[in-house]
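A.B. asks: Protein chains in written order, with our numbering: chain H, 1 to 295; chain W, 296 to 640; chain L, 641 to 987.
Derived by calculation from the structure, the hints in this document are not laboratory data.
It is possible that part of the hints are untrue.
Unchecked claim - Cut-off 25 Å, straight-line C-alpha distance, at most; resulting in silico cross-link-like pairs (SDA-like, lysine to any residue): (1) Lys-438/W to Thr-897/L; (2) Lys-438/W to Arg-898/L; (3) Lys-383/W to Pro-347/W; (4) Lys-383/W to Ser-891/L.
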Amino acid sequence: MSLPAANILTTASMAPAAEVAGPAGRRWARNLEIAIPATILVLLLFFCFIWPMVYPVPKPVGGSLTTVNLPLWSKGHIFGTDIVGNDVMSRILYGGRVSFEVAAGVQAIGLVAGGLIGLFAAYRGGWTDAVLMRILDIFIAFPSLVLVLAIADSLGPSETHVIWALSAFSIPAFARVSRAAALQLRDRPFIVAARLSGTRAWRIMFQHLVPNMLPQLLTFTMLGASLTIILEGALDFLGYGIPQPTASWGNMIASGESFISVYPRYVVVPSIFLLVTAISLNMLGDGLRARWDVR
Amino acid sequence: MAAPATAADPGGQQAVQLAPAPLLEISDLRVTFRARGAHIYAVQGISYTVEPGQTLAIIGESGSGKTVSAQAVMGLLPGSAHVSGSVKFKGEELVGRSQQDMRSHRGRSFAMVFQYPERSLNPTMRIGAQITEAVRTHVQLGKKEAHDRAVELLKMVRLPAPERRFYEYPHQLSGGMRQRVVIAIALACGPQVLFADEATTALDVTTQAQIMDLLLELQQQTGTALVMISHDLGLAATYAEDVMVMYAGKVVERAPTKELYAGVRMPYTQALLDAIPRIELEPHVLLPVIGGRPPDLASVPQGCPFAPRCPGVQDDCRADAPVLKQHEAGRWWACWHPLGTGARQ
Amino acid sequence: MSSTSVGVQPASRPGGATARRLAGLARSPSLRVIGRRLLSAIPVLWGVTLLSFLVMNALPGDAASAMLGINATPAELHAFSVQLHLNEPLWVRYGHWLGGVVTGNLGTSLASGHQSVASIIGQRLPVTLELVVYALIITLVVSIPLAVLCARWPRGIIDRLAMLFSMGSISIAPYVLALLLIIVFCVDTSVFPSIYSPTSTIVGNLQNYTLPSIILAVPLIGFYTRFLRADLLEQMLAEDYIVTARAKGVSEWRVLTRHALRNSFIGLLTVIGLNLATLIGVTVIVEQIFSLPGIGFELLNAISNRDVPVVEGIVLVFGTAVVLANLLTDLLYGVLDPRIRHVASRS
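Sequences are here, hints too, so could you generate the full structure?
C.D. replies: What follows is the structure, encoded as structure tokens:
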């Protein structure tokens with residue numbers, strides 16, 4: 001107990017804590033910042049992936065004309081049905097599957113590929129770094145939307161292809177973050193000591209650098225996931241992503257656009273889910289960053 | 296100098312017509328921080344006075360509360376700090392005043408010089424602008440007059456080429472020069488008390504001596520009282536008239552410098568003195584260090600705060616906390632078994 | 641007695657002084673930095689154009705099939721593509737285009753037949769520029785004062801509301817926001833048009849651009865407010881020069897604006913510059929929704945038409961914008977931060 005107390009008072013600057021110390025409930029609030037979005041996400045994941053396997057949810061496609069345009073809170077259709085008779089709620093759930101799968105896939109690819117590239121570039125430095133950075137710059141300067149649209153267009157619309165296409169965004173982004181994080185760490189005394197003591201490069205990179213980079217990378221993963229879900233929606237919205245009749249939040253919004261003045265709920269319902277998911281991911285990322293930010 | 300004190304009147308401020316009224320009267324000052332649900336008792340009831348023109352050294356290790364107490368006087372503590380007790384500047388009570396009132400005092404009645412000169416100046420603002428800001432906060436001066444006053448101040452702190460330095464940025468100056476600028480800023484409006492919080496700790500030894508000499512010189516010139524806050528007993532010995540030793544948020548010993556070094560009473564002070572490397576020591580001898588760990592300020596100890604680490608600790612030390620009392624003329628200490636006297640006090 | 645500084649020597653010939661001044665300029669370190677950065681930007685731009693060329697050619701179909709439609713016979717397709725030089729090998733076509741670029745000719749649009757890419761870009765670019773500039777103005781006007789207010793009273797009511805709002809604003813998808821705003825502003829009332837209509841009045845112009853700019857601005861406001869607030873708070877709570885300023889007796893507002901804010905500007909500019917690339921992506925979507933005739937919209941059309949020269953031209957513009965933005969940001973950083981400025985001039 002004595003050490004934290006001493007730390008508070010012995011920092012060179014005047015303020016006893018490098019953040020505004022509020023009332024005694026600070027730790028509570030901090031935990032809540034992580035707990036609430038995490039809970040929401042877990043609930044969403046549960047309902048999208050596990051619930052339809054357990055509960056007989058109506059099919060997201062192949063609705064009948066007899067059940068067209070049912071309003072919200074109708075019997076058997078909580079969110080009503082759309083213009084071809086599909087149950088909106090199940091389209092939301094299955095569409096959510098798509099969103100989460102795409103986000104997970106894109107972030108995973110970005111984290112592994114981009115993370116490795118950035119780590120490598122930062123560790124090697126010199127020419128390797130310069131060349132890799134130039135290539136990265138090309139992808140960053142390139143309007144990736146073009147690349148994404150082109151890939152989606154040429155490969156044909158499908159979920160896997162959307163994942164590959166969106167990786168064009170995430171790999172350079174992760175590479176940048178990973179490189180910056182590794183550069184920060186590279187000159188820390190414990191890394192320099194490891195290098196001087198002859199530790200092999202692979203060891204240094206994976207046993208020392210990566211674990212210390214993880215907090216930043218994971219935070220970025222959360223924030224990136226939120227962006228990816230929005231982007232995937234944008235792709236669907238522009239018509240290049242998941243094709244109808246498969247459900248995805250993006251294409252639900254897109255097809256709802258035409259009816260916006262008559263049935264705004266076709267746009268509003270998936271938009272709310274999109275918003276809540278994105279906010280949760282962002283809050284989680286922010287909360288993790290606050291928790292892990294070592295000063 | 297301090298009025299002759301009696302045992303019943305430790306502050307020495309009553310009655311005697313010879314002495315001028317003290318500038319700063321601090322009495323039972325307590326500072327408690329509320330951080331993350333815990334309470335940190337940084338300052339646990341200290342009292343001292345500062346006379347006009349006096350040089351007082353407040354000595355203590357990290358966590359002793361020396362810096363926090365000075366910040367409390369100046370009103371620089373954040374909202375999480377709870378300050379109680381009394382701080383009177385020329386009779387005017389400062390504890391509990393609004394920030395607006397305190398602002399009128401800061402810079403004008405008292406000022407502070409900090410430890411890290413490279414961090415104390417705004418890196419993107421020219422030096423001259425930072426000085427004129429100090430001046431114009433309290434005095435209505437036009438740009439030209441403020442400029443002249445700033446240059447005058449730079450000359451006063453012996454900064455070479457003051458006219459040119461006015462337009463330069465902090466990073467263009469060396470550490471010692473920056474500290475001079477900080478001193479110039481502090482003295483800009485003629486404060487009557489100057490707190491120097493580890494002002495020379497971050498400087499090399501030669502510069503340290505230069506800055507301390509400068510401070511003393513300026514003190515003579517302007518009649519400002521200087522309160523040196525440091526952990527360096529050697530510094531106190533060389534430059535201060537009176538020394539006050541703090542430990543764990545309390546004052547444990549106070550005496551005029553010569554008397555203190557001639558005969559230390561508090562074992563803690565003795566231990567600090569012993570820890571200073573001396574040329575008379577045998578080579579390759581282990582320096583005596585103070586055993587144990589610094590005190591935990593999250594709780595108020597029952598007995599003497601130094602008891603866990605005191606080489607001469609006895610049972611009554613752990614039971615009751617000794618009170619700071621003036622036991623001899625001009626000398627205060629808080630110890631049941633002070634050195635050099637033997638008996639329990 | 642050194643006389644190495646430019647301008648000390650008298651000019652012996654009239655042109656000599658100018659030449660010497662230019663030579664002195666060439667020695668100037670900041671121009672050298674600019675020059676170096678521009679040079680290193682060229683391979684990046686080249687890479688960008690090459691990449692998009694390859695991508696476009698990897699797409700199924702070509703301009704000929706896009707324009708003639710599904711019902712065209714192979715013979716017609718072939719004839720048309722010869723006309724458009726599409727039958728030549730990849731490298732030849734790229735080489736032609738590259739050669740054109742170097743001489744300043746961006747080629748002709750395949751879809752429109754005779755309109756030069758440069759003129760298409762020239763028509764469309766101002767629209768996008770106005771959109772972006774308008775959005776940035778809205779952003780800065782809102783986010784800077786908001787961040788200052790948040791930093792002045794941390795955890796106060798303004799701060800909490802601002803943080804809630806900013807979390808929402810960075811999480812909302814632009815197309816969702818667009819549709820919601822359209823519901824509110826365009827469906828029942830016609831304060832703002834939901835489709836661009838050409839106009840020559842300033843009010844009409846603003847009407848056209850306001851909704852799209854707001855949509856662009858909203859996530860930016862969220863982001864910049866958070867960033868600036870964090871930067872300001874970091875200074876206000878932990879920096880020694882802030883304490884020095886308070887110890888001088890300076891008011892809290894002045895400390896915030898004259899000391900902390902001025903230092904934060906540098907960071908803010910960096911963030912804006914680096915964000916420009918993502919901004920471009922969003923303009924494409926926004927232009928599509930509102931049918932704004934900007935280069936983003938044009939890009940989408942060109943891609944579906946397989947109009948390679950137009951795509952290349954626009955990609956080049958985008959790439960150049962990003963490169964220039966990064967360069968400007970770096971330069972501004974060097975100019976605004978006196979520490980860097982002086983290191984540069986001393987080296």
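A.B. asks: Verify the proposed pairing of Lys-438/W with Arg-898/L, using a straight-line Cα cut of 25 Å.
C.D. replies: holds (17 Å)
A.B. asks: So if I understand the rule, the pair passes when the alpha-carbon distance is 25 Å or less; does Lys-383/W with Ser-891/L pass?
C.D. replies: holds (22 Å)
A.B. asks: Under the criterion that the straight-line Cα-Cα distance not exceed 25 Å, is the pair Lys-383/W, Pro-347/W satisfied?
C.D. replies: This hinted pair holds, its Cα atoms lying about 14 Å apart.
A.B. asks: Could you grab the alpha-carbon distance between Lys-438/W and Thr-897/L and see if it respects the 25 Å cut-off?
C.D. replies: holds (20 Å)
When the structure is compared with the earlier hints, no violation turns up for any of them.
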